[in-house]
Amino acid sequence: MNSTDNFEFTESSKRRCEEIISRYPDGRKQSAVIPVLDLAQRQCGGWLPNSAIEHIADYLNMPKIRVLEVASFYSMFNLKPVGKYFIQLCRTTPCWLRGADDLRNIAIETTGCKLGETSEDGLFTLTEVECLGACCNAPMVQINDDYYEDLTSKSFKNIIESLKQHNSPSSGSQLGRTGSEPASGLTSLTEKGISDVS
Amino acid sequence: MPKVTIDGSEIEVPHGITVLQACEMAGKEILRFCYHERLSIAGNCRMCLVEVSPGPPKPAASCALPVGEGMEIKTDSDMVKKARNGVMELLLINHPLDCPICDQGGECDLQDQAMAYGHDSSRFEENKRSVKDKNMGPLVKTIMTRCIHCTRCVRFATEIAGVPELGMLGRGENAEITSYLEKSLESELSANVIDLCPVGALTSKPYAFISRPWELTKTESIDVMDAVGSAIRIDARQTEVLRVLPRLNEDVNEEWLSDKARFAVDGLKKQRLDRPYIRVDGKLRESTWQEAFAVIGNKIKSVEADRVAAIVGDQCDAESMIALKDLMDFIGTKNIDCRQDGAKLSSHDRSLYLFNSTIAGIESADSVLLVGTNLRWEAPLINTRLRKAWINNNLKAASIGPDLNLTYPINNLGSRANIINSIAEGKHPFCEVLKNSDRPAIILGMGALSRPDGTAILKMAKKIADDYGLIKEGWNGFNILHTAASRVGALYIDFMPSQGGRDVENIISGSSNGEIDLVYLLGADEIDTSKLGKSFVIYQGHHGDLGAHSADVILPGAAYTEKNGTYVNTEGRVQITRQAVQPPGNAREDWTIIRALSDVIRANISYDTLGDVRERLTEVNPLFDRINEIVTPDWTNKSPSEFIEDGPIHSAIQNYYMTCPISRASETMAKCSQELITTLGNRTGTNG
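Which chain is which? The protein sequence lines are R and L, in order. Under this note's numbering, think of the first position of the first sequence as 1, with each following residue one higher. Under this note's numbering, think of the first position of the second sequence as 199, with each following residue one higher.
Incorrect hints may appear among the rest.
Claimed, not checked - Using C-beta positions, here's what the derived DEER-type ranges look like: (1) R/Val-129 with L/Asn-333: 49 to 57 Å; (2) R/Ser-51 with L/Asn-372: 55 to 63 Å; (3) L/Lys-661 with R/Asp-58: 36 to 44 Å; (4) L/Gly-225 with R/Asp-26: 23 to 31 Å; (5) R/Ser-155 with L/Gly-284: 39 to 47 Å.
Calculated directly from the structure, the hints in this document are not laboratory data. Glycine included, C-beta positions come from ideal geometry on N, C-alpha and C.
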């Protein structure tokens with residue numbers, strides 16, 4: 001929370017902001033604060049410097065403290081710089097029962113940073129979060145915008161290693177299942193024709 | 199009107215009130231931390247739970263629930279007791295048990311309610327959270343670990359003070375109250391959050407660790423830092439005034455108090471005049487009352503009456519002013535004046551020098567023209583009324599004078615005095631706004647009236663009032679905003695130069711060119727005393743400020759906390775201060791000093807008791823008998839005559855925190871001035 005850089009929206013972000021504001025009635029542009037903050041966070045590399053918060057306050061005609069309140073309330077907004085890959089480890093009960101603790105240890109070991117910290121190479125930031133809503137495929141983590149599900153220590157380690165090589169590992173279930181269909185293959189709706197319809 | 203049953207008894211309550219208010223009407227005590235009558239409803243402390251049927255089978259927060267027809271409300275059922283107990287236990291989970299070292303102790307809502315309704319012990323064995331203290335400026339001390347997140351301070355700053363700088367960051371267990379980047383709260387009302395805080399999270403910084411509430415003698419009095427006349431309570435221990443708190447007066451200050459009124463009192467302990475002094479061989483030396491009176495007596499005998507003058511200051515009580523006027527009348531001089539700032543006011547028409555709409559009344563205005571006044575500094579509590587008018591009636595405000603941030607939108611028409619002419623002549627676009635308003639108002643500040651062409655400005659303002667419907671049945675929107683607490687009282691007793699007499703300007707110029715030989719300054723410190731030349735100067739007052747430095751004789755008087763004095767506020771409300779402590783050393787109540795001096799020169803002043811002086815006041819002006827009342831003056835049809843000279847209009851106050859001998863002597867005010875005015879440049883209240 002200590003950047004003094006000047007923040008300005010890029011031209012394309014500006015157009016996007018106008019589009020977002022136009023979704024709300026006239027005189028209610030403050031309603032756009034969350035999507036606009038998100039836009040700013042993406043532009044700043046995953047976090048919101050003060051200059052961005054102040055710029056948005058001016059832009060939406062809100063007191064600065066109100067924008068900061070919103071930004072600090074939601075865990076999706078970061079008020080400190082984060083690494084290129086922002087890893088959120090789910091620790092709520094289903095993931096925990098399915099081995100979230102192991103994933104955490106792997107993450108700490110492989111990235112070399114502790115929870116809440118950013119690795120020295122600036123690649124990773126680790127944080128533990130509560131339920132991200134993918135319990136059916138527990139354990140899972142979120143890395144930037146993507147969910148990585150059905151993880152094991154091994155598959156998670158591979159993902160991090162592959163990110164270190166600047167590859168893009170495939171997201172979603174690491175077992176290869178679609179969505180949250182049964183891990184052992186379909187148990188119902190197996191007749192040919194029915195499952196093909198969709 | 200809905201009928202509801204509260205704890206078995208039926209009661210009819212007004213539409214649209216909350217269950218909490220209905221319970222209060224029924225005489226039930228509902229606990230609360232976050233709810234406050236003057237703030238928006240937050241509903242986040244959950245302390246006000248009651249059982250309501252019909253409704254879900256669980257306790258409901260009564261502060262946020264509107265009453266409905268036929269509701270059955272239980273405020274003391276088993277469910278309520280259990281819920282209340284539970285909420286209290288949860289609130290105390292993270293609250294430190296540091297009552298013995300907490301300044302709120304003894305007047306803490308949490309302490310009181312935990313005593314009365316809480317568990318005797320806690321089942322919480324984990325670690326309590328601790329929160330870093332925040333900076334909130336030179337007046338508010340923070341111990342944020344004690345905060346229970348009621349958000350009263352946040353709502354006060356946003357809604358009443360109009361400075362949305364406080365907020366709650368984070369959420370859940372990590373929630374913290376702070377200002378943006380921990381900046382000082384830029385408001386003249388910031389210290390009211392101390393009173394609002396139901397726990398010891400926000401306490402008074404200057405009063406930290408000074409005293410416990412039960413050690414204090416509480417005296418109900420009136421504030422004299424501005425001309426609003428806020429109701430205050432003076433808390434003193436022995437001879438020391440330790441703090442000042444607001445007292446409820448819906449007509450004047452509601453329950454708020456400006457920071458200066460609250461915190462300038464430490465100036466009462468500094469630079470006090472506690473014994474008489476006389477100047478011998480160019481140096482002031484201590485003396486006795488007899489010596490001092492003898493010097494004055496000899497001097498008065500040796501000068502001609504029309505070479506004597508008297509000026510009263512901004513914080514004088516009416517009693518001392520009438521005594522001085524009677525003394526000057528006896529001497530036979532007409533050179534007396536109460537307008538240190540040179541304001542072009544006359545004492546003839548009350549309607550032309552009062553805040554006619556009244557302080558509470560200005561809330562109903564729907565348009566207002568401010569001329570030469572920085573309301574935020576000159577009368578912060580009138581400014582909150584205008585802010586309310588903006589919130590409730592969409593007040594359209596415009597100003598002539600410096601461009602100010604008064605916490606509501608204001609259209610600055612420029613600073614040139616000629617704009618008043620063009621409005622009066624109907625040539626300005628703002629005329630339309632005034633014409634189309636139901637309750638238009640004008641507020642003339644001393645910044646406009648103390649200009650050399652003040653009379654002409656007054657005349658034009660009166661023309662605006664006459665022409666644009668500011669005066670009508672049940673509404674008088676013509677307002678003069680005084681900055682001096684003593685001013686209206688002085689005008690009431692006509693402490694003004696009579697025909698052929700000299701006003702302040704001419705008294706000063708007369709002194710410098712040798713036409714005036716003796717000047718009696720009664721608490722007058724805001725004039726240029728260096729220009730008093732060779733005149734013999736008597737200074738009577740309580741502080742060794744500007745007036746005393748130039749004096750040949752100093753008579754030590756009492757400050758407003760040390761005397762029973764009558765003051766008339768800017769709307770013409772007669773109010774009385776009560777003595778909270780004794781004046782220091784040999785200082786005396788002011789009217790008694792003049793009474794004693796009158797004996798030395800064998801003046802025929804007959805009053806000997808405070809009752810007698812008050813009787814004399816009533817004799818001079820019967821309005822002094824109408825304590826706490828507003829006696830509406832008739833609107834005058836006479837207009838002052840003169841012409842406006844064009845030029846910028848300034849505000850009357852250059853530094854809010856230093857406007858009188860008391861506030862200039864106050865360390866707290868010096869800190870505020872340093873932190874909020876010097877460091878921030880001109881931002882506070884002027885153009886930020």
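Each hint, compared with the structure:
1. R/Val-129 with L/Asn-333: 49 to 57 Å: violated (31 Å)
2. R/Ser-51 with L/Asn-372: 55 to 63 Å: Between R/Ser-51 and L/Asn-372, where Cβ atoms are some 24 Å apart, the hint is violated.
3. L/Lys-661 with R/Asp-58: 36 to 44 Å: Roughly 42 Å apart at Cβ, these two residues keep to the hinted range, so it holds.
4. L/Gly-225 with R/Asp-26: 23 to 31 Å: Since the Cβ atoms of L/Gly-225 and R/Asp-26 sit about 47 Å apart, the hinted range of 23 to 31 Å is violated.
5. R/Ser-155 with L/Gly-284: 39 to 47 Å: holds (45 Å)
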